[in-house]
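Asks: Generate the whole structure from the sequences, applying the supplied hints.
Chains A and B, in that order, give the protein sequences.
According to the numbering used here, the first sequence is numbered sequentially starting from 1.
According to the numbering used here, the second sequence is numbered sequentially starting from 1.
Hints were generated in silico from the structure; no laboratory data involved.
In this text, all values refer to a predicted model and were calculated from it rather than measured experimentally.
Hints are not guaranteed to be accurate.
Here are some chain A residues pointing at chain B (derived, C-beta under 8 Å) [stated by the list, open to error]: (1) D224; (2) Q225; (3) L424.
The list that follows gives simulated cross-link-like pairs (lysine to aspartate or glutamate, DMTMM-like), each with its CA atoms no further than 25 Å apart [said to hold, decoys possible]: (4) K241/A with D425/B; (5) K241/A with D58/B; (6) K241/A with E93/B; (7) K106/A with D428/B; (8) K121/A with D95/B; (9) K241/B with D69/A.
C-beta atoms are modelled at their ideal positions from N, C-alpha and C, and glycine is treated no differently.
Number of protein chains: 2
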Amino acid sequence: MTRPHHAARLTGFAALLLATSASAAPTAVDLAQAGDDPAWTITEDLTTEIGPRPAGSDREAAARRWAVDRLKAMGFANVREEAYPMPVWQRGEEDAWLTAPFLPQKLAIAALGNSGSTGPKGMEADVAYFGGYDALVAAPDSAVKGKIVFIDNQMKAAQDGSGYGYYGRGRFAGPNVAAKKGALAIVIRSIGTDNHRIAHTGVTNFEDGVKPIPAGAISTPDADQLARQWARANGRPLRMKLLLTPQLAGKQASGNVIAEVPGSDPASSPVILACHLDSWDQGTGAIDDATGCGIITAAAKHVMAAGQPRRTIRLLWAGAEEVGGFGGQAYFDAHGKEKHAVAIESDFGADRIWRVDFKLPDSAKGLTDRISAALAPFGITRSKNPASGGTDIGALVAAGTPVIDLQQDGTRYFDIHHTPDDTLDKVDPAQLRQNVIGWTATLAILANSSDSELP
Amino acid sequence: MTRPHHAARLTGFAALLLATSASAAPTAVDLAQAGDDPAWTITEDLTTEIGPRPAGSDREAAARRWAVDRLKAMGFANVREEAYPMPVWQRGEEDAWLTAPFLPQKLAIAALGNSGSTGPKGMEADVAYFGGYDALVAAPDSAVKGKIVFIDNQMKAAQDGSGYGYYGRGRFAGPNVAAKKGALAIVIRSIGTDNHRIAHTGVTNFEDGVKPIPAGAISTPDADQLARQWARANGRPLRMKLLLTPQLAGKQASGNVIAEVPGSDPASSPVILACHLDSWDQGTGAIDDATGCGIITAAAKHVMAAGQPRRTIRLLWAGAEEVGGFGGQAYFDAHGKEKHAVAIESDFGADRIWRVDFKLPDSAKGLTDRISAALAPFGITRSKNPASGGTDIGALVAAGTPVIDLQQDGTRYFDIHHTPDDTLDKVDPAQLRQNVIGWTATLAILANSSDSELP
Numbered sequence: 001m002t003r004p005h006h007a008a009r010l011t012g013f014a015a016l017l018l019a020t021s022a023s024a025a026p027t028a029v030d031l032a033q034a035g036d037d038p039a040w041t042i043t044e045d046l047t048t049e050i051g052p053r054p055a056g057s058d059r060e061a062a063a064r065r066w067a068v069d070r071l072k073a074m075g076f077a078n079v080r081e082e083a084y085p086m087p088v089w090q091r092g093e094e095d096a097w098l099t100a101p102f103l104p105q106k107l108a109i110a111a112l113g114n115s116g117s118t119g120p121k122g123m124e125a126d127v128a129y130f131g132g133y134d135a136l137v138a139a140p141d142s143a144v145k146g147k148i149v150f151i152d153n154q155m156k157a158a159q160d161g162s163g164y165g166y167y168g169r170g171r172f173a174g175p176n177v178a179a180k181k182g183a184l185a186i187v188i189r190s191i192g193t194d195n196h197r198i199a200h201t202g203v204t205n206f207e208d209g210v211k212p213i214p215a216g217a218i219s220t221p222d223a224d225q226l227a228r229q230w231a232r233a234n235g236r237p238l239r240m241k242l243l244l245t246p247q248l249a250g251k252q253a254s255g256n257v258i259a260e261v262p263g264s265d266p267a268s269s270p271v272i273l274a275c276h277l278d279s280w281d282q283g284t285g286a287i288d289d290a291t292g293c294g295i296i297t298a299a300a301k302h303v304m305a306a307g308q309p310r311r312t313i314r315l316l317w318a319g320a321e322e323v324g325g326f327g328g329q330a331y332f333d334a335h336g337k338e339k340h341a342v343a344i345e346s347d348f349g350a351d352r353i354w355r356v357d358f359k360l361p362d363s364a365k366g367l368t369d370r371i372s373a374a375l376a377p378f379g380i381t382r383s384k385n386p387a388s389g390g391t392d393i394g395a396l397v398a399a400g401t402p403v404i405d406l407q408q409d410g411t412r413y414f415d416i417h418h419t420p421d422d423t424l425d426k427v428d429p430a431q432l433r434q435n436v437i438g439w440t441a442t443l444a445i446l447a448n449s450s451d452s453e454l455p
Numbered sequence: 001m002t003r004p005h006h007a008a009r010l011t012g013f014a015a016l017l018l019a020t021s022a023s024a025a026p027t028a029v030d031l032a033q034a035g036d037d038p039a040w041t042i043t044e045d046l047t048t049e050i051g052p053r054p055a056g057s058d059r060e061a062a063a064r065r066w067a068v069d070r071l072k073a074m075g076f077a078n079v080r081e082e083a084y085p086m087p088v089w090q091r092g093e094e095d096a097w098l099t100a101p102f103l104p105q106k107l108a109i110a111a112l113g114n115s116g117s118t119g120p121k122g123m124e125a126d127v128a129y130f131g132g133y134d135a136l137v138a139a140p141d142s143a144v145k146g147k148i149v150f151i152d153n154q155m156k157a158a159q160d161g162s163g164y165g166y167y168g169r170g171r172f173a174g175p176n177v178a179a180k181k182g183a184l185a186i187v188i189r190s191i192g193t194d195n196h197r198i199a200h201t202g203v204t205n206f207e208d209g210v211k212p213i214p215a216g217a218i219s220t221p222d223a224d225q226l227a228r229q230w231a232r233a234n235g236r237p238l239r240m241k242l243l244l245t246p247q248l249a250g251k252q253a254s255g256n257v258i259a260e261v262p263g264s265d266p267a268s269s270p271v272i273l274a275c276h277l278d279s280w281d282q283g284t285g286a287i288d289d290a291t292g293c294g295i296i297t298a299a300a301k302h303v304m305a306a307g308q309p310r311r312t313i314r315l316l317w318a319g320a321e322e323v324g325g326f327g328g329q330a331y332f333d334a335h336g337k338e339k340h341a342v343a344i345e346s347d348f349g350a351d352r353i354w355r356v357d358f359k360l361p362d363s364a365k366g367l368t369d370r371i372s373a374a375l376a377p378f379g380i381t382r383s384k385n386p387a388s389g390g391t392d393i394g395a396l397v398a399a400g401t402p403v404i405d406l407q408q409d410g411t412r413y414f415d416i417h418h419t420p421d422d423t424l425d426k427v428d429p430a431q432l433r434q435n436v437i438g439w440t441a442t443l444a445i446l447a448n449s450s451d452s453e454l455p
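Replies: Written out as structure tokens, the structure reads:
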């Protein structure tokens with residue numbers, strides 16, 4: 001659905017703010033509440049003009065050039081690409097049908113990242129049905145050998161996205177288990193919470209020495225259909241025809257885009273904010289993760305506009321996250337020995353931030369209280385859960401960098417995640433703006449924190 | 001999403017009803033409220049075991065055989081197929097891309113019924129953008145000639161589905177207008193109210209003597225994207241690559257399935273209830289129109305179970321509705337000279353009935369009051385709008401047969417209509433049951449009405 005441009009709707013409020021604040025200079029949060037809306041324009045422009053940008057592709061390279069131009073135009077310093085090589089997997093043809101014992105019915109399918117190929121002629125085989133990942137693990141090889149494994153467990157929506165880890169095992173690990181047991185191929189119910197005829201892709205991995213088998217996900221209505229046919233086949237084989245022809249394209253160039261707001265105290269360690277620029281290939285990567293790049297960049301821009309911060313703010317638009325976290329690892333390989341004051345990542349859509357988690361040194365107790373107090377007016381409450389970050393800052397966090405999580409509402413995130421449906425219309429401008437305000441409030445405090453609080 | 005089987009949930013209530021009603025024989029409405037749920041089982045079984053059933057195809061023939069078996073097994077009389085020939089259009093390959101002035105982006109597209117073909121090599125041309133059907137009609141031929149026309153108006157949801165007629169003109173009539181103006185092809189924003197990457201197909205028609213051009217619909221997020229690219233192309237051509245290879249398969253056999261509950265008074269004119277058995281080819285035709293057949297059949301079954309009605313009840317499962325109403329016309333050609341007391345059709349999904357419209361002779365005033373009173377407890381209110389029926393009974397109504405419309409809530413109908421998403425999970429068992437109850441209450445009165453009320 002077409003939405004009105006959000007910035008236009010705020011003109012009145014911006015004018016009011018400027019009138020009432022009179023001589024006092026606006027704070028970064030004032031600017032985030034009233035100013036222009038770079039989070040929206042970054043998201044709209046990137047998804048419209050570049051669209052899908054699989055890591056290691058020419059499209060990702062075009063997106064990097066676009067990002068460098070945009071970040072320079074916004075006034076950031078030290079804007080640059082940092083290249084690295086990465087192995088590239090490319091989607092091919094995709095087609096799947098249930099062929100017996102009922103009339104043939106087409107399934108909406110997407111290959112999983114790192115899936116093997118059926119070859120151009122495809123395959124047809126009996127389905128071996130498993131209610132969930134654990135049932136596959138428990139099955140004898142004889143139940144699987146020469147068959148197309150199907151894993152059928154329905155992910156449930158949760159505000160904190162906590163179903164992903166449990167239900168996601170069917171995708172993360174199921175193909176490797178099926179391959180080791182001698183399956184011809186594996187098809188899973190999408191790791192998703194919607195009920196549309198759109199499949200959810202995502203990466204899987206095979207152990208060294210395990211030959212990748214064809215691996216795909218079908219939409220939840222198709223999985224329902226398969227399960228019903230399985231239940232009423234009454235011992236007759238349920239047959240599936242499968243064509244998946246992805247290929248490995250060897251090592252290709254990817255790259256991170258870096259930009260900075262230089263701090264007034266160059267001896268101080270920087271604050272690093274991360275998102276990822278790459279996306280899956282079937283949507284335009286709006287909520288995953290154009291909005292993340294929009295949010296962190298808008299926050300940095302508002303803090304910059306309110307006056308030079310004490311610490312340097314560094315933006316990391318990671319070039320490759322979806323297919324293995326190569327961007328975050330490359331950043332760590334290049335910069336892991338530098339001291340970072342704190343890392344924050346935005347990669348869970350653009351619905352409102354509802355909770356803040358911390359994992360900071362004891363010296364930061366007062367800082368934690370100040371941030372929590374600043375976020376509370378925007379509906380964001382402090383939790384006792386330790387922050388953990390995400391893939392793009394994973395290596396930094398593992399090496400001991402302090403981290404904060406501004407937790408977004410994930411209730412509808414997995415309706416859209418890794419599907420062709422990840423498009424601009426799924427972004428709610430009002431919730432996107434709340435993200436920017438929350439990030440700006442947090443960043444304004446962090447970027448001006450003392451070295452005794454965050455060394 | 002998998003739903004619990006609805007019948008199971010009503011066991012307790014059924015038991016209670018049978019206990020409390022004691023010696024009094026249950027009415028048809030009692031049975032509809034408490035008994036088994038043939039509307040659900042018909043819908044589930046037909047969509048699971050047959051699935052898509054395009055009119056005139058082998059699949060529709062299989063569905064007819066399935067229907068005959070099922071209706072006989074349910075105890076209906078005079079169950080039979082009535083065959084007729086019809087022209088058949090078959091979907092081919094479908095692919096569409098925006099290719100310039102930005103990076104190529106794939107569009108989710110579906111050919112419209114009766115679309116012409118691009119040929120196997122496809123075509124690439126400039127897009128001529130129109131904000132709506134009227135703008136296309138007003139345009140000079142020179143604005144269209146040699147281009148791919150795009151019509152972009154966003155249908156709005158309405159409880160009574162009233163946007164379909166207005167916005168639908170882009171589909172019903174747009175291709176013919178574009179062809180006459182010299183367009184190479186036409187692509188429209190889907191006539192739908194969702195925002196998923198799934199296109200809404202549907203039939204279009206070209207006037208005699210107008211050569212059909214390729215005609216497709218793209219999903220609403222894709223239409224948004226096209227509109228954004230058009231707006232920022234700044235005079236550079238917006239280019240589209242289009243491949244649609246449908247073909248005409250000549251005249252093929254289709255057929256209506258008829259079943260009856262014989263009335264105790266054979267001299268009385270029958271009540272005819274209609275649905276359609278065919279479906280579009282990309283979904284499983286759950287809400288369009290397996291549920292319609294389930295609803296009318298369940299109502300007839302409950303009335304039959306409560307005791308033989310005075311009038312014969314005739315069920316018409318029309319074999320071809322989607323692509324031109326050939327089933328309803330064939331029924332009229334065969335039976336139009338017979339007197340029908342009243343006709344009712346169910347072909348607007350399975351969400352709750354909220355309104356009842358009548359178009360009955362003056363002699364039926366008391367009957368209208370009795371039906372309205374019987375429906376009110378179930379949240380169905382009487383309107384002053386005249387009933388008009390639908391395609392399957394259209395010829396009968398045009399010839400003067402009295403008609404009643406049990407209007408279903410169409411708010412979400414056009415989210416799903418004519419898409420791959422028309423699958424069982426979209427049916428709400430509770431609302432489906434309310435339909436059956438409303439139909440049963442209406443039918444029990446109609447089938448026992450006097451000849452002085454309905455001649």
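Asks: The structure should be examined with respect to each hint, and the outcome stated for every one.
Replies: Now the hints, each set against the structure:
1. D224: holds (6 Å)
2. Q225: With a closest approach of 7 Å, the Q225/A hint holds.
3. L424: holds (7 Å)
4. K241/A with D425/B: With a Cα-Cα distance of about 24 Å, the restraint between K241/A and D425/B holds, given a limit of 25 Å.
5. K241/A with D58/B: holds (20 Å)
6. K241/A with E93/B: The hint holds at about 19 Å.
7. K106/A with D428/B: holds (24 Å)
8. K121/A with D95/B: With Cα atoms ~21 Å apart, K121/A and D95/B stay inside 25 Å; holds.
9. K241/B with D69/A: It is violated: about 29 Å lies between the C-alpha atoms, which goes past 25 Å.
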